[in-house]
Amino acid sequence: MAILGQLAFTGLAIGGVYALIALGIVLIYRATNVVNFAQGEFCMLGAYALVFISQGARVDYFLAAAVALVLMAVLGLLFALGLYYPLRNRSFLPVIIATIGASIMFQNGALAVFGPSPEKLRPVIEAGPTGGVMLGGVFFDYQYVVILGVTLVLVVTQYAFFEYTLLGKKMQATSQDKDMARLLGIPVTLMIALTFVYSTVLGGLAGMLVAPIYFVTHKMGAVLGLKAFAVTIAGGFGDVRGAIAGGLALGVIETFGAAYVSVVYKDAFAFLLLILFLLFRPQGIFGEKVAEKA
Amino acid sequence: MKGSVQRLAGLLAGITAVAAGALPTAAQPKGTPVKIGQIVSITGEGAESGQYMRWGAELAVEQANSAGGIKGRPVQLVFEDDKTTNPGAVAALQRLLEDREIAGVLGPIRSTQIQALLPTVNEAGLPVMIGGSNYGLTHSGSRWVFRTRPHDGFSARVIAKFAVDDLKFKKIAVIHSTDAFGSGGRDLVVQELTKLGRPPVLVQGYNNGEKDFTAVLTAVRQSGADGLITYMTFSTDVGIMAKQIKQLGIKAAWLGSPSITAIDGRKLAGDALYGTYGVTDFHADASPKSREFAAAYRAKHGSTPDLYAASSYDAMLVLAEAMRRAPDLRPDSIRTAILGIQNFWGAEYVYNFDDNGDGLDHYHIVRNENDAIKLFKTIRVPRS
Amino acid sequence: MGRGRPGAAAIALGLPLVIALPLAVTTRYGTNLLILAAALSISTLGLTVLLGYAGQISLAQATFFGIGAYAVALGTSRGGMDWWLALPLGLGAATAAGVVLGMTTLKLGGHYLAMVTICFQIIFSQIATNWVAVTGGPDGISGIRRPRFFIPLDTAQQYAWFALGALFLVGVGVWFLRDSALGRSMRAVRDNELAAEALGVDSLRVKVTAFALSAAIAALGGALYASGFRYISPDSFGLDQSIEVLAMALAGGADAVPGSIVGGFLLTFLPEWLRDLKRIYLVVYGAVIILVILFMPEGLWGWARLVGRRLARPRPLPPARRPLAVGGRGEAGETILALENLGKHFGGLKAVDGVDFAVRRGEVHALIGPNGSGKTTCINLISGLYRPSFGRIRFLGREVAGMRPNRIARRGMARTFQNIRLFRDLSVWENVLVGAQRALGGEAAVRERAAAAIEFVGLEGQAAERARNLPYGTQKLVEIARALAGTPELLLLDEPGAGLNQSEKQELVDLLKRLRAHGLTMLLVEHDMSLVTQLSEAITVLNFGKKISEGKPDDVLADPVVVEAYLGNRDAALGLAREHA
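Which chain is which? The protein sequence lines are A, B and C, in order.
Throughout the first sequence, residue numbering follows the numbering used here, covering 1 to 294 in sequence.
Throughout the second sequence, residue numbering follows the numbering used here, covering 1001 to 1384 in sequence.
Throughout the third sequence, residue numbering follows the numbering used here, covering 2001 to 2581 in sequence.
Since the hints were derived computationally from the structure, they do not count as laboratory data.
Predicted model only: the values in this text are computed from it and were never measured.
Backbone N, C-alpha and C define an ideal beta-carbon position, used for all residues, glycine too.
Some hints could be false.
As the list claims (entries may be wrong) - Straight-line Cα separation of at most 27 Å, DSSO-like style, residue types lysine-lysine; simulated pairs: (1) B:K1267 / B:K1374; (2) B:K1289 / B:K1374; (3) B:K1211 / B:K1168; (4) B:K1289 / B:K1300; (5) B:K1211 / B:K1161; (6) B:K1035 / A:K120; (7) B:K1035 / B:K1377; (8) A:K219 / B:K1161; (9) A:K120 / B:K1374; (10) A:K120 / A:K219; (11) B:K1267 / B:K1195; (12) B:K1030 / B:K1071; (13) B:K1030 / B:K1195; (14) B:K1267 / A:K219; (15) B:K1195 / B:K1161; (16) B:K1211 / A:K219; (17) A:K120 / B:K1211; (18) B:K1195 / A:K120; (19) B:K1300 / B:K1246; (20) C:K2107 / C:K2350; (21) B:K1246 / A:K120; (22) B:K1030 / B:K1267; (23) B:K1246 / B:K1071.
To be verified - Where chain A lies over chain C, by a calculated footprint (3+ residues, C-beta under 8 Å): (24) 2108-2120; (25) 2126-2137; (26) 2522-2535.
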């Protein structure tokens, strides 16, 4: 019983990580129809930013985190202007490749600057020798609890923002029809820039939260990004609920799959499921079938 | 008190420097350099350890030159980046081979890269010093590879023997990475354990870069293992697993492959690795020669050397020694000379080359005592 | 029709280059790079077919490369097989895998397809790494032998000739594919899949074929790679390598053979040239990819071709020997299309709700009604773009409701679209050729029909123009020519007059009258009543998805029900009706 509990908690927790990263991907996609293959690298860069700041000077953790997030915001702005903006009218393929190119640049840039040795980050809650608490035979890592909590708060906040604030509605309008939004006086470029900034900050935050568990290396974003991407699709592109549900599901499936099927083929197994999901329910978990007008 | 010691040291250093400069230059080698190529990771994942390997080889070159070089000629090291990939290693070797004057090569430490190189090495017919521990590397019929680390056949035997006889493991779980190193190690250690009458109760693989060992550790717990034997390639993974072992409260003693002693893993795992045992082919306290090497290395770079630096140092050391002993620098002469090296101390341990090109047959057992890696015991394995 | 000078020049240069390069490169290391570049360029040529021609994205190219490599490796080193036997086995396995992947396009495209190919690639990497018994696991496979050939292939230089020669042959093959019927169909699917389907192209089969071909080509590249380096391990066949090949295709220019080869060579040699930058060279590599995407969207070769195109003069169209055969076989007056209680509901919206009418051979039948009455939905149902919710459609005696559009098209139906759906990157000539492929006959017959159709609409002068460069009215004519080229029995026209000015409309009317005079049966959806009255013998009127009137034009247009439907006011309607009568 304890084993099931442990697998369930760990699965949900890892799923929370995927969901958190998927949130950023979904946002950018909703606003720009662009799938950002560099989202995982935003996580990695956020973690490195925090490492850099908090190790360079003896700074309070939370202050350092805030500064790191500001840096990520700046990066998001540069990304929007330098990469997305020039390609905004092209088809999706060049954009995908450009974001892949950006991801290669970021990964290797981080390697060149910080070196290949992994870095350590302290967890948000520093308590106890193990960083968590053992309840009923199940170990609850505080950091995972924080991740799940943050994801929940972000999802609720985001939902409220998009549904109930004017700015949120403007951003939704931009994502559905840029030209019409422009005609209505919505500053489209600003909206898109805001979306990228928020998404980058979200990615950086995810990286900072994940780093104490996974350690910071230049490759940490690669697999995370890929899985979060898969989750976004399984959840139905552009659907936040789907991304969250998909993320949690993937985490649980993976963990149970590793325990009961094969540790070694765990990734292959997860991706195979994704293929099947895409084939038989491409509209995602919550999506509706949309018929195209000829 | 401190100030005066410092001043004294400075004075002595100054005198030594002047003296060295004033010494007759007969000891300084001159003439066309003897070029040795080194295939090393300058970029890619292996960049960090690649740097240590460079430093190790460079130190050996410096020492060789201050001892008169090879047959009066200075030794010159030429690097090529293998990018930590197989095709990169092959390309690096080929670039080195373009320079006809390269007399020998210091090869990579990763077994998979060495395997990729073998066809080219055999074609080129040049002595290549290797550091990979995969058993098959010296048993694939090549005449040109010479190993300055003990291979995994030995590590497996040492691990198995120590685990059963000394640590008294009863139920053993073998955790291994799925790459060449991990799978090869697993096969050999399972074989040895079975010979000793203690076949493992669990053999579990995982992929390099795994972030969560819950499933693996759950299996460990369920197997009731009281001892863990691991062949893990990357010390980052060691660090993560160590943390989780502590968190999940798994009580099993741990004897691991060299990555368990590496500084990255210890930095990440903190006290979760205290009390664990590891096997490694290099420890600074193992012999007078290793102490000497560690001191020189520390003096130059300010840090303790690891097995990457040591094996690379020895590779250069052995090669230079063989070139000194050989009548000329033709590949066959160098080869004969290397194989003739017996009872020769290097930073790793004592070298006795056999016909396959294996020079070492030892492993050190070390223990992580509050983050200091202490030498516990050195075991030599009789060659079969 | 020529393809311009730059391409032909590249081919002519190809063979001498194959011979000269291994001689020019004197270092062993450089020769090995040539072999690597050749193998990777072949893989990239696979992407030319899949991405460049058929417009399907794939991040799994390294998988097929790997299958070819492992087949040859396992075959020659473990199985003791002859290379020439191991190779076809590898090609076959890769083709089968390509078909499997291609079948997923039945349901997916765009980002989804990209994701599926990524998953496929990762699964392959995991299997290659972990199925140690078969693949040797991370240790890989060594001792791979080289093929026996007319010349020995033992030295690097000899093998480089072999590899470059293979590259040349594949390049020529892919080059010729572009202008073949299959190549045209692929490009049509890429530009506008819906229109291609409606013109008789079996888009699923085309996509699967593209995947299969690209997989086989990549496998050949992998086989050459394996024998070239005599050792393979799984880390050469992962997602990173797939991305690399895709970058090669895009940097060089995905839809052209010389482009892929340029891209392949450039991105193989570039890391070596950048080697001196040491730690940051990969950063520069990533930056180069981005810069090429930003500033050279069609790749290096595309840019070269643009320059070349300005210099080349288009060759004139060869004249058709026979005029277009318009009008079908069979007796005038027989019913060739009949709708029985046809309906289509979209969720709660009843777009078409139980419509019956029939079209007789040789007549021009108009389908009219206010906006939203279901006219276009009807056309889409008839041509197979939608599946009916209920009801039947009989065309030439066969039940076609729910049949795939390309099958209906090949039975003799053709259509134009309300929003023009031309293949924008194809020329007028190529657009019409695709339409001509629908009917039977070999390539010569196809070309005859296409030429005749173009002459019929009077567009000989613009045959070489890219469709996207034409003015709106001309594009409409091209659509009609494209539909006619397949000598259909029934032509569906969806608002052909929309967006045309008066003189253009008159030209259209004249054209359609000529078609009528030749006996072609047409079903016409239109808003412009003068067009309707000039052309049609029978009218069916829809409103809210139901038929409200039917009959000869004068009767129907005087029908107060019809007038009310358009004007919405009963008294005004009656007034108008009295005026009209």
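*asked:* Of all the hints numbered above, which does this structure not satisfy? Sort the numbers upward.
replied: Checked against the structure, the hints that fail are numbers 3, 5, 6, 7, 8, 11, 13, 18, 19, 22, 23 and 26, while the rest are satisfied.
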